[in-house]
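Here is what each chain is made of, one letter per residue.
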Amino acid sequence: MNLTRIGAFAIAASVAGVTTASAEFKAESPQCIAPSNPGGGWDFICRTTAKYLFDLGVIEDSMQVTNMSGGGGGVAFAHVTQERNEDNNLIVAASMSTSARIAQGIYEGAEQDDVHFLATFGAEYGAIAVNADSKYQTLNEMMDDILADPKSVGIAGGSSVGSFDHIKPMLLAREAGLADVTQMKYVSYSGGGEAMTGLLSGSVEALSGDFSEMLGFLESGDIRILAIMGPERLKNFPDIPTAKEQGYDVIGANWRGLYMPAGASDEAKAFWSNAIQTMVADPGFQGTLEAAAMAPFNNFGDDMYNFVAGSIEDVTKLSKEIGIIE
Amino acid sequence: METLSLLAGGFALAFTAQNLMLALIGCFIGTIVGALPGLGPSNGVAILIPIAFSLGLGPIPSLILLCSVYYGALYGSRISAILLNIPGDDAAMMTCLDGHPMAQKGMPGQALTLSAIASFVGAFIATWGLVFLAPQLVKIALLFGPAEYFVLYVMAFATLGGIMSNNQGKALFAVAVGLAIAMVGSDSQTGSQRFTFGQIYLFDGVSFLVAVVGLFALSEVFYFLEKHHSGTRGDAKQMKIGKLMPKWSTIKSCIPTMGRTTVIGFICGVLPGSGATLGSFLSYSLEKATVDRDGKSFGTGDPRGVVAPEVGNNAAAGGSLVPMLSLGIPGSGTTAILLALLLQLNITPGPLLFSKNPDIVWSLIASLFIANVMLLVMNVPLVGIFTRVLLVPTRIMMPIVAMISVVGVYSLSGSTVDVMTMVGFGLLGWLFRKLDVPIVPIILGILLGNEMEVNLRRAMTISDGEWSILVGSPLAIILWAIAITGFLLPVILGRRVKKRMAAELNETNAASDT
Amino acid sequence: MSDRIFGGVGLALAIFYIWAASTIKLTFMVDLVGPRTFPYIIGAGLALTSVYMMIRPDDEPDWPSAGGVMEILAATVVMLLYGRFLPEVGFIVSTALATAYLTWRLGTLPQWSVVVGASTSVGIYIVFHLILGLSLAKGPLGF
Numbered sequence: 001m002n003l004t005r006i007g008a009f010a011i012a013a014s015v016a017g018v019t020t021a022s023a024e025f026k027a028e029s030p031q032c033i034a035p036s037n038p039g040g041g042w043d044f045i046c047r048t049t050a051k052y053l054f055d056l057g058v059i060e061d062s063m064q065v066t067n068m069s070g071g072g073g074g075v076a077f078a079h080v081t082q083e084r085n086e087d088n089n090l091i092v093a094a095s096m097s098t099s100a101r102i103a104q105g106i107y108e109g110a111e112q113d114d115v116h117f118l119a120t121f122g123a124e125y126g127a128i129a130v131n132a133d134s135k136y137q138t139l140n141e142m143m144d145d146i147l148a149d150p151k152s153v154g155i156a157g158g159s160s161v162g163s164f165d166h167i168k169p170m171l172l173a174r175e176a177g178l179a180d181v182t183q184m185k186y187v188s189y190s191g192g193g194e195a196m197t198g199l200l201s202g203s204v205e206a207l208s209g210d211f212s213e214m215l216g217f218l219e220s221g222d223i224r225i226l227a228i229m230g231p232e233r234l235k236n237f238p239d240i241p242t243a244k245e246q247g248y249d250v251i252g253a254n255w256r257g258l259y260m261p262a263g264a265s266d267e268a269k270a271f272w273s274n275a276i277q278t279m280v281a282d283p284g285f286q287g288t289l290e291a292a293a294m295a296p297f298n299n300f301g302d303d304m305y306n307f308v309a310g311s312i313e314d315v316t317k318l319s320k321e322i323g324i325i326e
Numbered sequence: 327m328e329t330l331s332l333l334a335g336g337f338a339l340a341f342t343a344q345n346l347m348l349a350l351i352g353c354f355i356g357t358i359v360g361a362l363p364g365l366g367p368s369n370g371v372a373i374l375i376p377i378a379f380s381l382g383l384g385p386i387p388s389l390i391l392l393c394s395v396y397y398g399a400l401y402g403s404r405i406s407a408i409l410l411n412i413p414g415d416d417a418a419m420m421t422c423l424d425g426h427p428m429a430q431k432g433m434p435g436q437a438l439t440l441s442a443i444a445s446f447v448g449a450f451i452a453t454w455g456l457v458f459l460a461p462q463l464v465k466i467a468l469l470f471g472p473a474e475y476f477v478l479y480v481m482a483f484a485t486l487g488g489i490m491s492n493n494q495g496k497a498l499f500a501v502a503v504g505l506a507i508a509m510v511g512s513d514s515q516t517g518s519q520r521f522t523f524g525q526i527y528l529f530d531g532v533s534f535l536v537a538v539v540g541l542f543a544l545s546e547v548f549y550f551l552e553k554h555h556s557g558t559r560g561d562a563k564q565m566k567i568g569k570l571m572p573k574w575s576t577i578k579s580c581i582p583t584m585g586r587t588t589v590i591g592f593i594c595g596v597l598p599g600s601g602a603t604l605g606s607f608l609s610y611s612l613e614k615a616t617v618d619r620d621g622k623s624f625g626t627g628d629p630r631g632v633v634a635p636e637v638g639n640n641a642a643a644g645g646s647l648v649p650m651l652s653l654g655i656p657g658s659g660t661t662a663i664l665l666a667l668l669l670q671l672n673i674t675p676g677p678l679l680f681s682k683n684p685d686i687v688w689s690l691i692a693s694l695f696i697a698n699v700m701l702l703v704m705n706v707p708l709v710g711i712f713t714r715v716l717l718v719p720t721r722i723m724m725p726i727v728a729m730i731s732v733v734g735v736y737s738l739s740g741s742t743v744d745v746m747t748m749v750g751f752g753l754l755g756w757l758f759r760k761l762d763v764p765i766v767p768i769i770l771g772i773l774l775g776n777e778m779e780v781n782l783r784r785a786m787t788i789s790d791g792e793w794s795i796l797v798g799s800p801l802a803i804i805l806w807a808i809a810i811t812g813f814l815l816p817v818i819l820g821r822r823v824k825k826r827m828a829a830e831l832n833e834t835n836a837a838s839d840t
Numbered sequence: 841m842s843d844r845i846f847g848g849v850g851l852a853l854a855i856f857y858i859w860a861a862s863t864i865k866l867t868f869m870v871d872l873v874g875p876r877t878f879p880y881i882i883g884a885g886l887a888l889t890s891v892y893m894m895i896r897p898d899d900e901p902d903w904p905s906a907g908g909v910m911e912i913l914a915a916t917v918v919m920l921l922y923g924r925f926l927p928e929v930g931f932i933v934s935t936a937l938a939t940a941y942l943t944w945r946l947g948t949l950p951q952w953s954v955v956v957g958a959s960t961s962v963g964i965y966i967v968f969h970l971i972l973g974l975s976l977a978k979g980p981l982g983f
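Protein chains in written order, with our numbering: chain U, 1 to 326; chain G, 327 to 840; chain X, 841 to 983.
Honestly, I wouldn't trust all of these hints.
[What the hints assert, rightly or not] List time: in silico DSBU-like cross-link candidates among lysine-lysine, alpha-carbon distance up to 30 Å:
no., chain 1, residue 1, chain 2, residue 2
1, U, Lys269, X, Lys978
2, U, Lys244, U, Lys135
3, U, Lys320, X, Lys865
None of these hints come from the bench; they were simulated from the model. Predicted model only: the values in this text are computed from it and were never measured.
Same shape as in the complex, but just chain U (with noise of 0.2 Å):
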C-alpha cells in the first residue's frame, strides 16, 4: 500500500517537473468533443468556440470538432476521465445537463473534481412549446389538465429520463399543486431536434427544451411557446409570457460552457481559460449569442469551480425534493 502510494507520488512529482519545464503552452491540433449529435446545444458550443479561437486567432491549427453521443453526455465523460485524463488539446461541451447529471449520479462514480470545469459563456432559458394547433393557450390550461390526470400530457424532451429537460416540467407541476410529479409522462428523445419532430408529428402533446432549439420553428409558425422559463420576457420576443407571470414561480437557466481533462497541465488550462475569456470580449461572439437567443453570464476559475459545485449542489437538493432520488 504504502510502496504504491510513493510509486504514484513519484510519478506526479515527474509529472509536474515535465509540466513545469515547458513554459509557454500553445495549443496543438485541438480537439473540442460535443457529447451529442450535431445540431443540439453542446454541439452549437463547440462548432461556436472553434469558429471564434480560430477566428480570433488564439489558436493556430483550426479545432476539429467531434460528435460523441451517448448516455446523455456519460460516454463522453467516461472517454475524458478515462482514456484522455491528461490530454492538454481536448475541450468538451458542457451544460447545467452536465453538472445535473453529475449530482444525479447518472455518470456512473462521477464527481465534480474528475473533470476541470473551464468556464460558462452564456445561458438561455428553457421553454415549453405545443404544437401551433394544439387546445392550449397557456400554460394554465396544460396545467389544469396535468392536475387532472398527469399522464393526459406527453413531453417530449432531448434528452434521458430524469435530465434537466425532465426536471423543467416536474417543477412547474409541483409549482401548480401536483403532489407526485414522477408520474408525469416524459418521452426521451436523442436530441432536441428529434423531441420536435415528436411535437411535429403528434406524438406527444409538448415539448421542453431549451428556447434556441424551438426558434427556427417559432418564427416558421409550427409550434406555439406557453412560457419561457426566465424571470422576465426575452427582449427580443416580448410576446413570449414567462412562467413566473402565469404563477409559476420556476426559472429555468441553462448554462453553456465548457470543461476539459483534470490531469491536463495548468499551463494548458491556463491557457485554455484565457482563450475562452478573449473569445467572450469579442463582440462578433456576443453577437451570436444573441442570435441564439442567449444571454451572456461568464464565470471563470475560482469562481466557475464555486459556481458548478453550487449548481450540483442545488440540483441535488431539488432531485431529492421532487423525489427521483433518495
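With chain U fixed as given, assemble chains G and X onto it according to the hints.
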C-alpha cells in the same frame, strides 16, 4: 415554375470552373473511399471537411466538394461488393448478393455498368423528388410516430428471413445476434450501462464498421485460407471479364424494378433513422417478393437483384437530405456530418432554410445533379479499369483489401481493441458461413437495433403501457400486414417450391430408371 | 450434428445474455419499459432460434481438415498480434509483416509476399496518412 427558376439560379451559382473541378475531384475521391471497405460515405465526408476548410473554400464550393464525395462514395461502394464480395459500406451489402454471383458468371463488367446506371437513376429521380416534394415529404416523415417506426423495423426483419437463407430459423438467429450486439453500451433513455462489463471500450457500443469489416472482409480471407489449404490454389480460377456493356434488353427488363425501388428507397431515406441501408435492403427484399416468387433467380446473379439495392441505396441518399434540410434532423451518419458542416458555415437547417438561404439550398441541389451526371460519365468508362482488379490473383488482392479495411477502421478510431474485435468478428463470420447462417441480418440488427428499441420504449411511454398503440394507426396496420406477408410468404412458397423440386426430381429419376 | 452443437452454444449464450440483462442497473427513475425488457425479448429470441436449430439441423457442413483449422487459427493469431503490437512497432513495419504473412499463406511465393506486403503497407501509408491526413500508429521510428 418558380421552383425551376430557383434551380436554374442554383446552377448558375454552381457552374464555375473551380466548382466543376471540385466536383470532379470529389467524385473521384468519393469513389475510391467508397470502394475501400472500412471507409464509407460518412467517413469520406468527415475526412474532407477539414480539407475544405483549410483550402478556405466558401460555403457553396465546400458543399459541392462534399456532396460529390457523398454521392461518389455511394457509387464506389458497389465496386468492391461486386468484384470481391466485400461491401464498400453497409448499404452495399445487398449488392453483394447478386452482384458477386454475376461477376463470377463472367459478367463483372456488365454488373458494374448496370449498377452504375442504377445508381444514377436512383439518385437522379431522388434529387428531383427533393426539388419538388421536400415540403410534402416532411409530412410523410411526420406520419411516423414511435409506434410506426417500431413496426417499420419489425417489417425489415420479418421480410429478411425469406431472402437471406434457406433456413428461416437461422436468419432469425442472425437477427437476434445482431440485435443482441446492438444493445451493448450506454442506454440512451436512462444512461444505464448494458452488457459493458465495466469495459470503457464498450460504453459506446460496438461500431457497425468493425462488424462489417470483420464479418465480410476478414471472414473472406479466412474462407480463402481454408480453401487454399485443402488443395485449390488461390489463383486457380482466373475470372473472365467479358463484355462491359449489358444488352439493351437486360437494361429494359430492369426498368420496372428501377421505378419501384426508387420509390421504396426514397421513402426510406426521408424517414430519419433508417437511411440508405434500410433503403437498399427493403428494395431488394420487396423486389424479390414481387418478381422472383419462386426464389430461384435472385441470389444467383439476377441483374434485377443488382439494380434493386443500388437504386434503393442512392434514392435513399437523396431522400435523407429532406429531413436534414427541412427539419434539421440528420437521417443517417453522412447527413449528420453534412448537417455539422452547414452549422459550421453558419447555416441552420430547419423549416425556414428554403426561404432564408435559398442560394445555399438550390446550389446544393444543383451540385447534387452535377455530381450525379459526372459520376455516371466517369464510372461507365472506368468499369474497364475496375475489372482489371480481377486480373490480380486473389491470393494477392484478398489480403491487400482486408488490410486496407482493417487500417481504414483503425485510422478513424485509433483503437487497437477495434482491430482485435474485427479479428473476432472475422472468425465468427467464417463459422457462420460454414453453418449457412446469413451475415447480413447481423449487420442490420446492429444498425437498427437501438432505434427499434428506443422507438418501442417511446411508444409504450406515450401509450402508458398499452401495447395496442403498436396497431393504433392505419399506417402501422399496413406495415404489419406487409411484415406478416413478407414473413409467411417465403415459408409457404418455399414449401411449395421444395415439393415441386422433389416432384421434378422424382420424375427425372423415374425417367432415368426406364 | 454441427447445427445441434451450435444451437447448444447459442442456447447457453442466450441464457448468459438474459442473466446479464437482469443485472443491468436500474437508475432511480426509468421509463415505463426500462432498459431490461428489450434485451429479455432478444435473449428469448436467441434461445428459441437456437432450440430450433437443435431440433431441425441442416445437412452437415463441409468442415476443413485439421490443417485448414490450424491455418485459420494461425492467421487469427497473426492478426491479433498485429493489433497488439501495432502501436509499439509502428504502422509500416507491422502492416507489411501482417500483409506478407497472409499473402504467403494464400499461396504466393515468400519473396513476392514480402514485396506485396511492403508495397501495400507503404501505399496505405501514403494514401491514408499523407494524402487523407488520418493518423496511423507511430511507433519508435515515427511511422
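To see whether the hints hold, each was checked on the structure:
Note on Lys269 (chain U) and Lys978 (chain X): the hinted pairing holds, with a Cα-Cα distance of about 27 Å set against a maximum of 30 Å. A C-alpha spacing of about 21 Å is found between Lys244 (chain U) and Lys135 (chain U), which places the hinted pair at or below 30 Å, so the restraint holds. A threshold of 30 Å between alpha carbons decides the hint, and for Lys320 (chain U) with Lys865 (chain X) the separation of about 20 Å falls inside it, so the pair holds.
The structure meets every hint from the earlier list without exception.
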